[in-house]
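Peer 1: Here is what each chain is made of, one letter per residue.
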Amino acid sequence: MARIDVNHIRHSYLPNPQKDADFALREVHHTFEDGGAYALLGPSGCGKTTLLNIISGLLHPSHGQLLFNGRDVTGLSTQERNIAQVFQFPVIYDTMTVYDNLAFPLRNRGVPEADVDRKVRETLEMIDLASWAKKKARGLTADQKQKISLGRGLVRSDVNAILFDEPLTVIDPHMKWVLRSQLKQLHRRFGYTMVYVTHDQTEALTFADQVVVMYDGGIVQIGTPAELFERPRHTFVGYFIGSPGMNVMPVAIDGKTATLGSQRIELPGAPKAAGGAVELGIRPEYVRLGRDGMAVSISKVEDLGRHKVVRAKLEGRDIAAVIGEDETVPAEPKMRFDPAGINIYADSWRVEMGA
Amino acid sequence: MDKTWNNKAWFLVLPVLVLVAFTAVIPLMTVVNYSVQDTFGNNVFTWAGTEWFEELLSSSRFWEAMVRNLIFSFIILAIEVPLGIFIALNMPKKGWGVPMCLVLMSLPLLIPWNVVGTIWQVFGRNDIGLLGYYLNAIGIDYNYVQDPFDAWVTIIVMDVWHWTSLVVLLCYAGLVSIPDAFYQAAKIDGASRWAVFRYIQLPKMQRVLLIAVLLRFMDSFMIYTEPFVVTGGGPGNSTTFLSIDLVKTALGQFDLGPAAAMSLVYFLIILLLSWVFYTVMTNYDAER
Chain A
1 MARIDVNHIR
11 HSYLPNPQKD
21 ADFALREVHH
31 TFEDGGAYAL
41 LGPSGCGKTT
51 LLNIISGLLH
61 PSHGQLLFNG
71 RDVTGLSTQE
81 RNIAQVFQFP
91 VIYDTMTVYD
101 NLAFPLRNRG
111 VPEADVDRKV
121 RETLEMIDLA
131 SWAKKKARGL
141 TADQKQKISL
151 GRGLVRSDVN
161 AILFDEPLTV
171 IDPHMKWVLR
181 SQLKQLHRRF
191 GYTMVYVTHD
201 QTEALTFADQ
211 VVVMYDGGIV
221 QIGTPAELFE
231 RPRHTFVGYF
241 IGSPGMNVMP
251 VAIDGKTATL
261 GSQRIELPGA
271 PKAAGGAVEL
281 GIRPEYVRLG
291 RDGMAVSISK
301 VEDLGRHKVV
311 RAKLEGRDIA
321 AVIGEDETVP
331 AEPKMRFDPA
341 GINIYADSWR
351 VEMGA
Chain B
356 MDKTWNNKAW
366 FLVLPVLVLV
376 AFTAVIPLMT
386 VVNYSVQDTF
396 GNNVFTWAGT
406 EWFEELLSSS
416 RFWEAMVRNL
426 IFSFIILAIE
436 VPLGIFIALN
446 MPKKGWGVPM
456 CLVLMSLPLL
466 IPWNVVGTIW
476 QVFGRNDIGL
486 LGYYLNAIGI
496 DYNYVQDPFD
506 AWVTIIVMDV
516 WHWTSLVVLL
526 CYAGLVSIPD
536 AFYQAAKIDG
546 ASRWAVFRYI
556 QLPKMQRVLL
566 IAVLLRFMDS
576 FMIYTEPFVV
586 TGGGPGNSTT
596 FLSIDLVKTA
606 LGQFDLGPAA
616 AMSLVYFLII
626 LLLSWVFYTV
636 MTNYDAER
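Here the protein sequences line up with chains A and B, keeping their order. Residue numbers for the first sequence follow our numbering, so the first one is 1 and each next one is one higher. Residue numbers for the second sequence follow our numbering, so the first one is 356 and each next one is one higher.
What the hints contain is simulated information worked out from the structure, not anything from laboratory work. This one's a predicted model, so the numbers in the text were calculated from it and none came from an experiment. Hints may contain errors.
Pairs of lysine to aspartate or glutamate residues, derived as EDC-like cross-links and limited to a Cα-Cα distance of at most 20 Å, are as follows [stated by the list, open to error]:
hint, chain 1, residue 1, chain 2, residue 2
1, B, LYS559, A, ASP158
2, B, LYS542, A, ASP292
3, B, LYS542, A, ASP100
4, A, LYS313, A, ASP292
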């Protein structure tokens, strides 16, 4: 297991990158702590897979340095880095049995056959495939194949980190939960450093202790699921996490009040130095509908079973609100924002509130 | 599952059935007819029974042609399949090299067979042919017209030149269907170049390889045009394969009865071998 330091890494797929836009990774500087479970979350094309492949050594960064436990591994090959990676589509060696698949990485490294046997049996127990050992790998289901991919990483005891590149994409929904909880268990029992790339927020939030949200080739926020939810550092995080995403609207700030059209909204404090384009962000969960507050018109109510999502218009802007399953929308609805859920953004970045 | 039976569908198949009847079934029946009769021309036929079949199966000429044919097929398979795999593995997977290689590879396949024969017939001549002239100029005694060994070498090289591309293209199609993740996973697992070939590339190529072997075997077993143009079956009978022998009997000697009997035996052999290949392939699939 290792601590992974990503030191000012930039990467471009072009031979001569000039502008920032030429870089798939603009600049990433972050430390993955030993034994941590991280999720890299972001939309397609944000650079998360690029970052993962740089850590695994399948790509070499244009600039910057990568350290495992303080040792520079930037120039080392994938084999020498000793990491495991699970890909989007299960990679198995068709013609081999489940047992031989797991033994493959060890045999390639010239491990004595007695040790191979012991390690493979241990790993088969860990991934719950012991009774399948002698079966041909090609007959298995997608989730079993994905477990074999994982197992080929686990079988090497000295592996530095386990990387996952959207590993549950081809797995049936009901198996996703099972696999994800098995991953969590493995992490808790053996303390692997795990980095998990996904564009599915549920996967990221349930798997990871720390979620790294990426956007447009850079990291926009690193935090626990709760932090990402309560205090998105960037409006993108607000949109991207949560369903529906955060309501963001341009406002004018004056001390402890924000003005939206003809409406005045009380803030929990005075935002510090809110220059540039100022926006107010509030999650639908903190929007209240009742008989007092700002007048709104309702466009649609979506009943999701556990709760209802109300789509409303406030000063001509679309606002989503989440209300309880038993609540009803009043006849002349008014809207209030719970001050606890209000965040203020200047040029898309969150600004702190003063007293 | 419920199936809807609709007899109108037969009308759609009918044109093909009629066409196949005229081009294949009726000629085949004519051949069967000839194989049990004797004729001296003038459309006069007499019953011969199984005479031609007995004569054929006991004739050394037939068995020699058959053995020659089997050796030929075996040699060209042993060269073309490994060579085809080797070339396919080394072809570029992306970039401008891909269309260029594909076009170069397809070229020999686009040339009509008798033209291929003519090319090599001229190419190998030791008076005006590039190959023949310079081989002799550097002291190698090469003359495919007189030396059976040289004739064989010429025909085999010609067939390899002509048909290896087919194996290459089939294998290449199998190779490009392998996702990058497999190679990346192999790197992570520390697999050697040989292990990548043995456990990733070869299994993915297995099915197209079976098709390639089947096509090349059938085709080489029926080879006629190219050796006929280059050597005409000679020197002596050294490159007389089954099909050349058949044409010699039927058209050269106008022995319609024996030629028909030979055609049928030849046809049955190919049918049998096709069945063997088909069975092997479907069993392989069932195993999956």
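Peer 1: Take the hints in turn and mark each one as holding or not.
Peer 2: To see whether the hints hold, each was checked on the structure:
1. At roughly 31 Å between alpha-carbon atoms, B:LYS559 and A:ASP158 are farther apart than 20 Å, so this suggested pair is violated.
2. For a cut-off of 20 Å, the pair hint linking B:LYS542 to A:ASP292 is broken: about 64 Å separates their Cα positions.
3. With a CA separation close to 17 Å, the supplied pair B:LYS542 and A:ASP100 stays within the 20 Å bound.
4. Distance restraint check for A:LYS313 and A:ASP292: the Cα-Cα separation of roughly 16 Å lies within the 20 Å cut-off, and the hinted pair is therefore satisfied.
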